[in-house]
Every structure is written in C-alpha cells, then in structure tokens.
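2 protein chains.
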Amino acid sequence: MAPLSTPKSGDALFASVERVNAELFTLTYGAIVRQLITDLEEVEEVNKQLDQMGYNIGTRLVDEFLAKSNVSNCVDFKETADTIAKLGFKMFLGVTATVTNWDAEGTTCSFVLEDNPLVDFVELPDTCQGLHYCNVLSGVIRGALEMVSMKTEVTWVRDMLRGDDAYEMRVKLTKQVPEEYPYKDDD
Amino acid sequence: MAPLSTPKSGDALFASVERVNAELFTLTYGAIVRQLITDLEEVEEVNKQLDQMGYNIGTRLVDEFLAKSNVSNCVDFKETADTIAKLGFKMFLGVTATVTNWDAEGTTCSFVLEDNPLVDFVELPDTCQGLHYCNVLSGVIRGALEMVSMKTEVTWVRDMLRGDDAYEMRVKLTKQVPEEYPYKDDD
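Going line by line, the protein sequences match chains U and S. Residue numbers for the first sequence follow this note's numbering, so the first one is 1 and each next one is one higher. Residue numbers for the second sequence follow this note's numbering, so the first one is 1 and each next one is one higher.
The following block holds chain U by itself, in its conformation from the complex (with noise of 0.2 Å):
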C-alpha cells in the first residue's frame, strides 16, 4: 500500500490519540505486577507472564498505530526500529526511545529510555531482585514487530529499579517472515 500523506510528527500522533491519566496506569500497571507476584510467587514465572501480556497487546496496539501514524512499510529493521522509537513510544506512553549500540549486521539494536512512566512511584523489595518490572513493554515490542513479520528476541540489559542508570533493552531480529497478510481479522 502507497502511503496517502506523509507520517505524523510524534508529538502530533500522541495529540490525536484517546488518553488517560498516567498516574492511573502506573497505578494499575502495578497493581498486576503485585497480583502475580502473589499468585505465582516464583519471579521468573512472573516475568514470563509480564512479557506474555504485553505480547499480547502488542499485537492488537500495532494495528491503531499502523491506523493513525500514517507509516506504511519501513524499508528495513534500521527504519523500523527508529519508527517505534520516535513514534510508537510517543504515541502509547508519551516518551520517546533512543536507538543506539546497533551491532554490524544492523540486526541487533537498543532502545533506551530516560524517562519511563511505567516506574514511577516503584521500589522493588529485596525478594524481587530478579523480576523484570517492565517486561510489559519488551513483550509488547516483540508482539507489534512479529504483526509485520519481524520476529525478534527482546531483553532487559540495563534497568533503573536495578541501580542502572537508564532502561535499555536489547532487541534481536531474529527471523524475518515475507510480508502477505500478515494482520490477523480483530474477529
């Protein structure tokens, strides 16, 4: 599909865009995180559903991206990265990523984060040490991408609530499937 106007800024796209509060979502955010704590006890059987949520939205949040940004296909991964920095983090959270520490083959890259709502008001207790808090966002990264034949691998290398100094994950594109309709019908 050829596009038919040129792609919003990101700040014009998250004006256009349905918001709520960022408080309430922080809030609530955190309210799962300690639900499956609770639940599941073990912290990496949290992490995994953490990422498999935001796998899941993923996949349905790159279609009202793909509706209001006005991107048509990236060229390559490289184009494709800096689109969900600029764009797809502006328009859903409200920041901006930065794409860098991209590796020769221009299949692995970082997106880091400076500032990152998800984690407001967040301390982790010290039996918490190994949960990935924002595994939300690697698993929906992961789940958009794989909705345009990107299939990537996506970890957490530097973590804030960890004593680093930003959010940086590491992501992997690991397969590329040939495009042919690749969104699956909302029903």
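The set of hints was computed from the structure by calculation and includes no laboratory data. The model shown is predicted, which means the values in this text are computed figures rather than measured ones. Errors might be hidden in some of the hints.
Said to hold, decoys possible - Examples of chain S residues lying across from chain U (beta carbon under 8 Å, computed):
hint, residue
1, Arg19
2, Ile32
3, Leu36
4, Ile37
5, Tyr55
6, Arg60
7, Met91
As the list claims (entries may be wrong) - A few chain U residues that face chain S, going by a derived Cβ cut-off under 10 Å, partial list only:
hint, residue
8, Leu24
9, Phe25
10, Gly30
11, Lys78
12, Phe121
Said to hold, decoys possible - Reference listing, derived: stretches of chain U covered by chain S, where coverage requires no fewer than 3 residues with Cβ under 8 Å from a Cβ of chain S:
hint, stretch
13, 15 to 22
14, 97 to 108
Even for Gly, the Cβ is constructed at its ideal location relative to N, Cα and C.
Add chain S to chain U, keeping to what the hints say.
Just chain S, lined up with the frame of chain U:
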C-alpha cells in the same frame, strides 16, 4: 486549609496531567481481568480482587487529585459527589459522569457513565456473566472517599456489558469520620 486559588475546570485539569494512550490502558486493564479469571476461577473472587485493587489505587490517586485540582474540603457529600463526577473522572479517565438519583437523605446517589474507556473492545463470554468488569472503578471511588473521611458502599446497578443502556454505580455514604490527619504518609 484555605484554597490558594479556585478549582480548575475538568478540561484544564485533564490537560495539566501526564497522560498515556487510552488503548494501552484499556488493553492493560483487560490483561489484568483475564489474568484474575484464569487464576481465581470464581467470578465472585475476581470481582472482589478488582474492587480491592481499585481501593488501593483510589487511596493513592486522591493525593494527586487534591494536589492538582485546587479543590479544598467539600462542604458535604453532595458537593463531594459533584466534584468526583465532574473533575475526578475527567482528570483520570478523560470523561465525566452524571450525578443523579439522590435519595431523600442526601446520602445515596448514582454516578452514570455513558462513555467508559475501560470497556473498549470488551465482550464478556457466557462464562463471565456474573463479572463486574469495571469493579476497579467502584473500588477507586470507595478508596478515594475513605481518604477524605467518607466511608461508602459502592455497587453497580447498570452495566452495558450486561446489556444495560449505561454504566451506573450507586454510592451510599455509610459513615463520615471526623477529619483529622486523614492522609497516610507515603512512606
């Protein structure tokens, strides 16, 4: 405390807070409900848990509301209900509620919502007919009111997911505690 300035309008208030995409919030909330149904099995238990989550969230949100809205103490339950409907809902969800169906004593009223961002894309399967999907909202109201010294019971009387024509929750003031340091320290 005397008010330092007049209360903001709902629109100004909503514009003044950090926000995230409503669809992300809706999908995230949906992920919690689904998780609770899987974990707890009994719909009644899910309702209880959502209410408790909402209560916890409400006790936190009231601080942001009071800090940003310039609302000082409301004189009575009626004024409090109007403030929640016009400013509280707007500040957090971007919608307003109507206050109606007051009883003769002025201690019970209804909040009616025609637009409810929580339920976009939601359809309940037959196995979930007893679910109060939006129970987090009634919990938030209960929690927030308790922090300003009003004990309430909040129940759903209409629910569009159950085929009604609007969302209506009934709020009954059961006890008004004399106001004396009602806020817990954040630590």
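Per-residue hint verdict: Phe25 of chain U, partner chain S, C-beta under 10 Å: Holds, because the Cβ-Cβ distance from Phe25 of chain U to chain S comes to roughly 5 Å (cut-off 10 Å).
Hint status (Cβ of Arg19 of chain S to nearest Cβ of chain U, threshold 8 Å): holds (4 Å)
Check of the stretch 15 to 22 of chain U against chain S for coverage (Cβ-Cβ below 8 Å, three residues minimum): holds (count 6)
Restraint check, 8 Å cut-off on beta carbons, for Tyr55 of chain S near chain U: violated (10 Å)
Supplied contact hint for Leu36 of chain S, tested at 8 Å Cβ to chain U: Check passed: Cβ of Leu36 of chain S comes within 7 Å of chain U, closer than 8 Å.
Given coverage of the stretch 97 to 108 of chain U by chain S, checked by CB-CB distance under 8 Å (3 or more): violated (count 0)
Restraint outcome when Arg60 of chain S is required to lie within 8 Å of chain U by C-beta distance: This interface hint holds because 6 Å falls under the 8 Å limit.
Closest C-beta approach of Met91 of chain S to chain U relative to 8 Å, hint status: OK, holds: Met91 of chain S within 8 Å of chain U, min 6 Å.
Chain S contact restraint for Phe121 of chain U - C-beta distance below 10 Å: Status holds, d = 8 Å.
Interface hint for Gly30 of chain U, Cβ within 10 Å of any Cβ on chain S: holds (8 Å)
Interface hint outcome for Leu24 of chain U [beta carbon to chain S under 10 Å]: holds (5 Å)
Satisfaction of the Ile32 of chain S interface hint, Cβ to chain U closer than 8 Å: Holds, about 5 Å.
Comparing the model with each numbered hint stated earlier shows that hints 4, 5, 11, 14 do not hold.
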